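Can you make the complete structure from the sequences, with help from the hints?
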Amino acid sequence: MQLSAMFVHPVKSCRGIAFDRAYAGKLGLLHDREWLLVSPDGQQITARAHPKLVTIRVELLPGGALLHHSGKAPIFAMATAYTRPHPAQVWKDGFQAWHGDERVDAWFADILGCDCRLLWLGAQSNRPFKGGPETMSFADGYPFLLASQASLDDLNRQLAAPVTLRHFRPNLVVSGAYPWEEDEWQVIRIGDVEFDVVKPCVRCVLTTVDPELGEKRADGEPLQTLIRTRMLDAGVCFGMNLRARNEGVLELGAPVEVLEQRYSF
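The sequence shown maps to residues -5 to 259 in my numbering.
Honestly, the hints are just simulated from the structure, not real lab data.
Everything numeric in this text was worked out from a predicted model, so none of it was measured.
From the three backbone atoms N, C-alpha and C, an ideal C-beta is built for every residue, glycine too.
Hints are all accurate, no fakes.
With a cut-off of at most 25 Å between alpha-carbon atoms, the simulated DSS-like pairs for lysine-lysine come out as follows:
hint	residue 1	residue 2
1	LYS193	LYS86
2	LYS46	LYS210
3	LYS193	LYS124
4	LYS20	LYS124
5	LYS124	LYS86
6	LYS193	LYS20
7	LYS210	LYS66
8	LYS66	LYS46
9	LYS20	LYS86
The calculated label-pair distances, taken between Cβ atoms and stated as ranges, are:
hint	residue 1	residue 2	range
10	PRO249	SER64	38 to 44 Å
11	ALA212	GLY242	42 to 48 Å
12	ASP147	LYS66	35 to 41 Å
13	CYS198	ALA155	18 to 24 Å
14	ARG78	GLU245	35 to 41 Å
15	ARG97	PRO173	42 to 48 Å
16	ARG51	THR77	21 to 27 Å
As structure tokens, then:
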């Protein structure tokens, strides 16, 4: 098995960037989910309710993120401008992030049609990881999301219209496994970095959003098929949530080794 794709999503719910080489740290891949759109009171805004977010492209430049959207002039969110404390709420986690540039807020508001604020995570995250000593980015619940190309291929064989990896917004993609083999993994190593495979990733309506058009599919796919075929104890699942045991550089083509299985036979 090998690492066949990597994606960094600098702004949560916006389009991810494919990388051949990336740094994997305790917060996730470098720059992943370090910006977040929120309502004025700090509640997260995602593509679940605002699917057009997935059509916004992000270009990482020194010092911040250059934002692109069809029909609009690009705008640069400069991290050093984000110095004002602002509440952020990601699911049940309330914490402090940083607000700065109202011009960027207005740029997003024009696309989404709602009052919003862009927040930066900061040089150091203030979001505790499930009550422990470590911290988290703006990701939903875990630093890394892994998907299997074989599992995607198996799902697509059941769909009238195939979907892409971008429908599931993974960070790490593994090829060369059997379909759904990742359910059995407990500890893996990719290159020199070891990961705990914590739990399956429960999926939602975001999987039905076309990543190119920013529209939800009328047939509810691929979620409807996943409901029929991938209802596990945790819920409707595709992909696995990971935590890194150490840090290091990942490169496409790196070998993927299973160090511990979840089940013994």
